[in-house]
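*Asks:* In case you want the letters, here they are:
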Amino acid sequence: MWTSPPPPPIFRGLATLLAFFGIVIAHSVILLGAALLGVLVTLSVQGRLRAFARFAGAVILPVGLGLMIIWGLVRQGTPDDMAEPSIRAGVLYATIVTLRLALLGAVFQAAFLALPTPKLVNLLHSFRIRGRGLAVIVSTLNLWPDFRRHVENIVAARCARGLMPDRRLITRLRQLPLAVRTLFISALGQGLERADSWEASGLIERLNTLGARANGASDCSPIAGAAWLAMAALWVIAATSGWP
Amino acid sequence: MDYAVLASEYRRKPVFLDGSNFSGRTAILRNWCSECASAGGRGIYVGPNVHQSVSSLVPTVADELLLHASDSARFDRLLDVARALGLDRCYDQSPFTLSGGEQVLLVTLCKLGLGPTFLGLDGTIEELDRDNAQRVIELLSSELAAQTTTVLTSNGYSEDRHWRPAWRLPASGFDHAETVQKRPCLDSANFLFTPPSESGGLEVEDLSFSYEHHAPVLRSLNFRLEPGKIYSLEGRNGVGKSTLARILTGVLRLRRGRIVFNDRDSNPWKTPGRNVAMHFQNPDSQLFADSVERELVDLPMPARRAAAAFAGTNSQLTEHPFDLPFVLRKRLALSAVAHLSKPWFIFDEPTLGQDALASDEIVKMLRRMAEGGSGVVVISHSAEFIRRLNAKRMRLEDGQLHNVEPSAQITQ
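Chains as they are written, first to last, in the numbering used here: chain E, 35 to 278; chain P, 125 to 536.
Simulated from the structure, these hints should not be mistaken for laboratory data. Quick caveat, the model's predicted, so the values are computed rather than measured. Glycine is no exception: its CB is placed at the ideal position from the N, C-alpha and C atoms. It is possible that some hints are incorrect.
[To be verified] Derived DEER-like restraints, expressed as beta-carbon distance ranges:
1) P:Asn386 - E:Glu233: 38 to 46 Å
2) P:Ala208 - E:Ala260: 45 to 53 Å
3) P:Asn386 - E:Ile121: 48 to 56 Å
4) E:Gly223 - P:Pro426: 48 to 56 Å
5) E:Glu233 - P:Pro340: 39 to 47 Å
6) P:Glu322 - E:Arg166: 54 to 62 Å
7) P:Ala339 - E:Pro150: 17 to 25 Å
[As the list claims (entries may be wrong)] One side only, chain P facing chain E, incomplete, derived with CB under 8 Å:
8) Phe199
9) Asp389
10) Asn391
11) Met402
12) Ser409
13) Gln410
14) Val421
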């Protein structure tokens, strides 16, 4: 697990913002690929690689495949240059967008989601996020596991009644419309009900206390913060220079 | 009963609010919660769909306990109780992956950690095994509940209530009871059984299972169940009853062992629900359509009509299942499964949220299914329900299945 001292919250936030900026402006597949590899190594050290792999398999991969089909095969080009059809240009564009999405997800996971909940709440505190806003952000970070649970429930319910005759890909895809509809109704309905119960139970107040009690600032290292910022700045320079 | 009197006289003394389905108990509990809040206290209601009371703000069981109780002086004591209840082995799990009973234990501890003035536990105690139910009552009578007046409701048979409340209060004596005008009833006369096209024994050989990164739940199970009979699968909360049921149905993947149906190898994971259909403990995990009518649309027409009538939802066909009260959601989920034509059925806590009259109707329904040639396995903590079913009893303990009666045909 990650044992080096963490950077102060403000450095962490700034470095992440810089990294995001670099990701958005980077145009090189090699550079984006290398950066992704680097972040994957970090996630592996943090023990978060499996969680990211699940996210990538469920979100990034389908989106990437869709982009390949749309820009590589259907439009055969990039949004900026549609004059001459080119499958290569379309595929390259789709690859860059997919890598950017993967990298954004990986950096976010490494910078924020790897933190234990009290530390994360403390971090959000240091960004002056409190009360309901804090509860909404923290619960949103748990939204993905909640959505996954709901989808699994729907598939399990169909299986238990023999309504999913087999587990072939096409059969699973057929469950999607039903799953998505039910997912939004049940997840949103339950989310609203939960938000009410946070108020009634005083959980928002507790969340604030939990964040305040987590020893955030004192065990942070300014050197680690400077290192994070330096890496992020180097990344932005590499992204803007057009290398390689 | 005036809320103020209740709150002042029954701290640390759990009160049982007695009544049948639709007698207005939920409304009474919710009303007391509001009155408590109006009086400046903290009133908390926990309903039978207990997963809804999990905060969803933190990822693990340990964090959930920390969030609710870390700033209270009782935190260490609560952790001791959590350990005694066996929750410590689930600390790194998501609260949503716990079994129904374990969720009840966690939520009860968490809510007590908030130091409520009033705590309404609506039907949650039914999901607990006998020992855990007793432990929860003791907990609600302990120093940890020093500021708390707890009122609980429970359904099913009175014979199953081994725990003794400090006071028994009839729900019929309250104004809220009058707000329920029409009481949909569960009537086994409406049940339409369709015999399976093929029936046969269900056999398990050397079945083992463990969840990822966790200790084995099931260890080398061997048993054979005969069609046309009713079996009960018993055991403590979190022992793996539902896991076994989900493997037999094909909801979970068989990792090691063999399942044989009618003397032929069967892989339920590849063809889920073909030979074994399952009714889940939590109806919210079983319902997926946007209206009662669409929930039953996969059944043949006569069974569809019968299923709606049996569940008592004939007048609510266009309503969203999640808009129905828990008791009706449970009946709808039960009916949707029971009206399938399958060789085997597994019912996980079918009487949850159902009063004694409704439970009797479920007994009649299950008997008809067995008489019609289907095999039935019932998972239940209600000893009286199992007795009335005259089921062959099996008990799951430490990953092993044991005969409770010599007559059960379980080969070890």
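*Asks:* With reference to the structure, classify each hint as holding or not holding.
*Replies:* Status of each hint after checking the structure:
Between Asn386 (chain P) and Glu233 (chain E) the CB atoms are about 55 Å apart, so this pair departs from the stated range of 38 to 46 Å. Between Ala208 (chain P) and Ala260 (chain E) the CB atoms are about 48 Å apart, so this pair conforms to the stated range of 45 to 53 Å. Hint check: Asn386 (chain P) to Ile121 (chain E), Cβ distance near 54 Å, so the stated range 48 to 56 Å holds. Checked against the hint of 48 to 56 Å, the C-beta distance between Gly223 (chain E) and Pro426 (chain P) comes to roughly 32 Å, which is inconsistent with it.
For Glu233 (chain E) and Pro340 (chain P), the Cβ-Cβ distance of about 42 Å falls inside the hinted range of 39 to 47 Å, so the restraint holds. Taking 54 to 62 Å as the suggested C-beta distance range, the pair Glu322 (chain P) and Arg166 (chain E) conforms, at roughly 57 Å. The hinted window of 17 to 25 Å between Ala339 (chain P) and Pro150 (chain E) holds, with their beta carbons roughly 24 Å apart. With 8 Å as the threshold, the beta carbon of Phe199 (chain P) stays out of range of chain E, its nearest partner Cβ sitting at about 12 Å, so the hint is violated.
Proximity of Asp389 (chain P) to chain E is violated relative to the hint, the smallest CB-CB distance being about 16 Å (cut-off 8 Å). At a threshold of 8 Å, the smallest CB-CB gap from Asn391 (chain P) to chain E is about 10 Å, leaving the interface hint violated. The closest approach between the C-beta of Met402 (chain P) and any C-beta of chain E is roughly 4 Å, which is under the 8 Å cut-off, so the hint is satisfied. For Ser409 (chain P), the shortest C-beta to C-beta distance to chain E is roughly 4 Å, which falls under 8 Å, so the interface hint holds.
Satisfaction of the interface hint for Gln410 (chain P) is found here, the shortest Cβ-Cβ separation to chain E being roughly 5 Å, below the 8 Å cut-off. Because the closest C-beta pair between Val421 (chain P) and chain E is about 10 Å apart, greater than 8 Å, the hint is violated.
Against the hints set out earlier in the document, violations occur for numbers 1, 4, 8, 9, 10 and 14.
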